[in-house]
Amino acid sequence: MPSFLFPIEQFKSQPKGSIAVTLSIHKDSDFLHSGLAFRDGDQISFLHLASYKSLRCEDLYQIAGDYVFFIYTNFSHLIKTDPHFFRRKALIAYLKAIYEKNKQTIPYSFLYKKVPFDKERKFNPELGQIGLTCSTFVMAALEDNGIFLCNKDSWPARHDDVEIRKRIISIYNEDPRVPKEHLAIMESELYCVRFRPEEVLCASGRFPVPCNFKDTVECSEKALSNIKNK
Amino acid sequence: MAYRNNILEPNTSTSPFTDYYFNKSQDLNLSGNNTSNFFKTIVSFGFEPANSFNNCGFAYNVFPLFDNNYFAVVLNKLSINYRLFSANGVFLNKPMWDFAFDPCRTMLSDTENNDSILETRVINVNKITELHSFLIQLKNKDIEEMEITGMKDLFLKVDELIDNNDFLSLDDFIISFISLEFSFQFHISLLASTLKVKNILKKRNIAFQNAIKLGEQIMSTEEVLLTLQGLE
Chain G
1 MPSFLFPIEQ FKSQPKGSIA VTLSIHKDSD FLHSGLAFRD GDQISFLHLA SYKSLRCEDL
61 YQIAGDYVFF IYTNFSHLIK TDPHFFRRKA LIAYLKAIYE KNKQTIPYSF LYKKVPFDKE
121 RKFNPELGQI GLTCSTFVMA ALEDNGIFLC NKDSWPARHD DVEIRKRIIS IYNEDPRVPK
181 EHLAIMESEL YCVRFRPEEV LCASGRFPVP CNFKDTVECS EKALSNIKNK
Chain C
1 MAYRNNILEP NTSTSPFTDY YFNKSQDLNL SGNNTSNFFK TIVSFGFEPA NSFNNCGFAY
61 NVFPLFDNNY FAVVLNKLSI NYRLFSANGV FLNKPMWDFA FDPCRTMLSD TENNDSILET
121 RVINVNKITE LHSFLIQLKN KDIEEMEITG MKDLFLKVDE LIDNNDFLSL DDFIISFISL
181 EFSFQFHISL LASTLKVKNI LKKRNIAFQN AIKLGEQIMS TEEVLLTLQG LE
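Same order as they appear, the protein sequences are chains G and C. Here the first sequence is numbered in our numbering, starting from 1 and rising by one per residue. Here the second sequence is numbered in our numbering, starting from 1 and rising by one per residue.
Bound-form chain G, shown alone (with noise of 0.2 Å):
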């Protein structure tokens, strides 16, 4: 494992206030999760949308279980402006209130332009947003408080993404949740910029952000070799 990246077990060593950005695979899908680990106390959350219209908080450690592979990278850029864990904890604050608007409200979607939280917080698709991906809710929640981690212009768009967004408009086909006029829109982005999960992560390793496109390359790369290996 790179020094810049640790086993999800570790993240109990953390003081309180701590937050970090985490890679995960699910034991039931191959697909490579984002999500925001933070620490209030002595509990330890994983916030993360996890479907569509499901953002989900749980007890960390009673769901990595459930998990085949979680890393987490330090947040260089909160560690270095933010030694005394003042702003961590109100970003903690703030993603606690940001779930409980907005549990059941996340549409799934590729293109990330911009936050598509209003100003009550409340996921708002006026806002020019349809979705948001796991990735790109972690990007979204971070730059509601002012923390821009990648520099969005630079991400390229790569036909490699298209096989894979097929594959979850697939499984969104049968999600009788989805309404058809969402999953075509969905169909419409599949050629957009991709935010990759190991990208956020790599992402949130780097200082100072936003960090662009090449700067993550080596990381990503680096963080998949370590899930073929598991």
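For the record, the hints were derived by calculation from the structure and aren't laboratory data. Where is the CB? At the ideal position from N, CA and C, for every residue including glycine. Keep in mind that the hints are not guaranteed to be accurate.
[Stated by the list, open to error] Label pairs and their in silico Cβ distance ranges:
{"#": "1", "chain 1": "C", "residue 1": "T221", "chain 2": "G", "residue 2": "S3", "range": "26 to 36 Å"}
{"#": "2", "chain 1": "C", "residue 1": "Q209", "chain 2": "G", "residue 2": "F207", "range": "21 to 31 Å"}
{"#": "3", "chain 1": "C", "residue 1": "E130", "chain 2": "G", "residue 2": "H84", "range": "25 to 35 Å"}
{"#": "4", "chain 1": "C", "residue 1": "E181", "chain 2": "G", "residue 2": "P15", "range": "24 to 34 Å"}
{"#": "5", "chain 1": "C", "residue 1": "E216", "chain 2": "G", "residue 2": "H159", "range": "49 to 59 Å"}
{"#": "6", "chain 1": "C", "residue 1": "I218", "chain 2": "G", "residue 2": "H159", "range": "50 to 60 Å"}
{"#": "7", "chain 1": "C", "residue 1": "S220", "chain 2": "G", "residue 2": "D153", "range": "29 to 39 Å"}
{"#": "8", "chain 1": "G", "residue 1": "K180", "chain 2": "C", "residue 2": "E130", "range": "43 to 53 Å"}
{"#": "9", "chain 1": "G", "residue 1": "E126", "chain 2": "C", "residue 2": "K198", "range": "16 to 26 Å"}
{"#": "10", "chain 1": "C", "residue 1": "I143", "chain 2": "G", "residue 2": "Y191", "range": "46 to 56 Å"}
{"#": "11", "chain 1": "C", "residue 1": "T221", "chain 2": "G", "residue 2": "Q10", "range": "28 to 38 Å"}
{"#": "12", "chain 1": "C", "residue 1": "E222", "chain 2": "G", "residue 2": "R167", "range": "47 to 57 Å"}
{"#": "13", "chain 1": "C", "residue 1": "K198", "chain 2": "G", "residue 2": "H159", "range": "34 to 44 Å"}
{"#": "14", "chain 1": "G", "residue 1": "S188", "chain 2": "C", "residue 2": "L195", "range": "27 to 37 Å"}
[What the hints assert, rightly or not] With a cut-off of at most 30 Å between alpha-carbon atoms, the simulated DSSO-like pairs for lysine-lysine come out as follows:
{"#": "15", "chain 1": "G", "residue 1": "K113", "chain 2": "C", "residue 2": "K157"}
{"#": "16", "chain 1": "C", "residue 1": "K141", "chain 2": "G", "residue 2": "K12"}
{"#": "17", "chain 1": "C", "residue 1": "K127", "chain 2": "C", "residue 2": "K141"}
{"#": "18", "chain 1": "G", "residue 1": "K214", "chain 2": "G", "residue 2": "K152"}
{"#": "19", "chain 1": "C", "residue 1": "K198", "chain 2": "G", "residue 2": "K122"}
{"#": "20", "chain 1": "G", "residue 1": "K101", "chain 2": "G", "residue 2": "K53"}
{"#": "21", "chain 1": "C", "residue 1": "K141", "chain 2": "C", "residue 2": "K157"}
{"#": "22", "chain 1": "G", "residue 1": "K122", "chain 2": "C", "residue 2": "K139"}
{"#": "23", "chain 1": "C", "residue 1": "K139", "chain 2": "G", "residue 2": "K101"}
{"#": "24", "chain 1": "C", "residue 1": "K127", "chain 2": "G", "residue 2": "K101"}
{"#": "25", "chain 1": "C", "residue 1": "K213", "chain 2": "C", "residue 2": "K157"}
{"#": "26", "chain 1": "C", "residue 1": "K157", "chain 2": "G", "residue 2": "K103"}
{"#": "27", "chain 1": "G", "residue 1": "K101", "chain 2": "C", "residue 2": "K198"}
[Claimed, not checked] Covered stretches of chain G (in silico footprint by chain C; criterion: 3 or more residues with CB under 8 Å from a CB of chain C, positions within the stretch not fixed):
{"#": "28", "segment": "75-87"}
{"#": "29", "segment": "94-100"}
{"#": "30", "segment": "132-146"}
Use these hints to put chain C onto chain G, whose structure you have.
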């Protein structure tokens, strides 16, 4: 009706509106639904002795309007004790009164004589009570064991005010928040929670400057500015 128990107390007895003052109240809207905007600034105008209220020598003059709403006149630079009773005899104690009018006082600008600007607004006692109670309870959570819970409550309360488009109350809320001497930590939370509406709020920058001062008591200015990065 107010009863004066002590001769030193200001006269808070009610006086009727005159046409003169009513015409000055450019933004006064008594006919609409007032529930979403309890702190309504009506108008600021120069103090003119010839047209002053009966008891203008005192700091505050309050006129019951409807329900629990009061039309209040505050004279800058005259901070004296006062008592206010509602028409039903409800006594507003000093902390609550200060809570209501501290924001009002800060909105007043000095003039040549340093005492000649009046600000008037409609105050809703229920709203004052609610915000005051909320901030006092929140203050109890501004301790290490409860801070994240408290900050989450702060986020939700700010969201509620934003939800109601109650930006005047939110500005008042910010000033009262500062006057209650919340910690640097809670200032960060307040700044983060109001980030989306920073261009609408007039008092948010005061909270930012106060956060810098508080932060400088516990770390270097450079560290403070780093910590607050993105919350300007």
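Hint-by-hint comparison with the structure:
1. T221/C - S3/G: 26 to 36 Å: For S3/G against T221/C, whose Cβ atoms are near 32 Å apart, the range 26 to 36 Å holds.
2. Q209/C - F207/G: 21 to 31 Å: With Cβ atoms ~27 Å apart, the hint holds.
3. E130/C - H84/G: 25 to 35 Å: Between E130/C and H84/G, where Cβ atoms are some 33 Å apart, the hint holds.
4. E181/C - P15/G: 24 to 34 Å: Given a distance of about 26 Å, which is inside 24 to 34 Å, the answer is holds.
5. E216/C - H159/G: 49 to 59 Å: At 52 Å between Cβs, range holds.
6. I218/C - H159/G: 50 to 60 Å: holds (51 Å)
7. S220/C - D153/G: 29 to 39 Å: Holds, since S220/C and D153/G (Cβ atoms, about 34 Å apart) stay within the stated range.
8. K180/G - E130/C: 43 to 53 Å: holds (45 Å)
9. E126/G - K198/C: 16 to 26 Å: Given range 16 to 26 Å: holds, Cβ gap about 20 Å.
10. I143/C - Y191/G: 46 to 56 Å: holds (52 Å)
11. T221/C - Q10/G: 28 to 38 Å: holds (34 Å)
12. E222/C - R167/G: 47 to 57 Å: Roughly 48 Å apart at Cβ, these two residues keep to the hinted range, so it holds.
13. K198/C - H159/G: 34 to 44 Å: holds (40 Å)
14. S188/G - L195/C: 27 to 37 Å: holds (31 Å)
15. K113/G - K157/C: This hinted pair holds, its Cα atoms lying about 28 Å apart.
16. K141/C - K12/G: The hint holds at about 25 Å.
17. K127/C - K141/C: holds (21 Å)
18. K214/G - K152/G: holds (12 Å)
19. K198/C - K122/G: Holds. K198/C to K122/G sits at ~17 Å (cutoff 30 Å).
20. K101/G - K53/G: holds (12 Å)
21. K141/C - K157/C: Holds: K141/C and K157/C sit about 14 Å apart, inside 30 Å.
22. K122/G - K139/C: Holds, at about 26 Å.
23. K139/C - K101/G: holds (24 Å)
24. K127/C - K101/G: holds (24 Å)
25. K213/C - K157/C: holds (25 Å)
26. K157/C - K103/G: holds (18 Å)
27. K101/G - K198/C: Since the Cα atoms of K101/G and K198/C sit roughly 21 Å apart, the hinted pair holds (cutoff 30 Å).
28. 75-87: holds (count 7)
29. 94-100: This one holds; 4 residues, not fewer than the three required, reach chain C with a Cβ under 8 Å.
30. 132-146: holds (count 3)
Violated hints: none; the structure is consistent with every hint.
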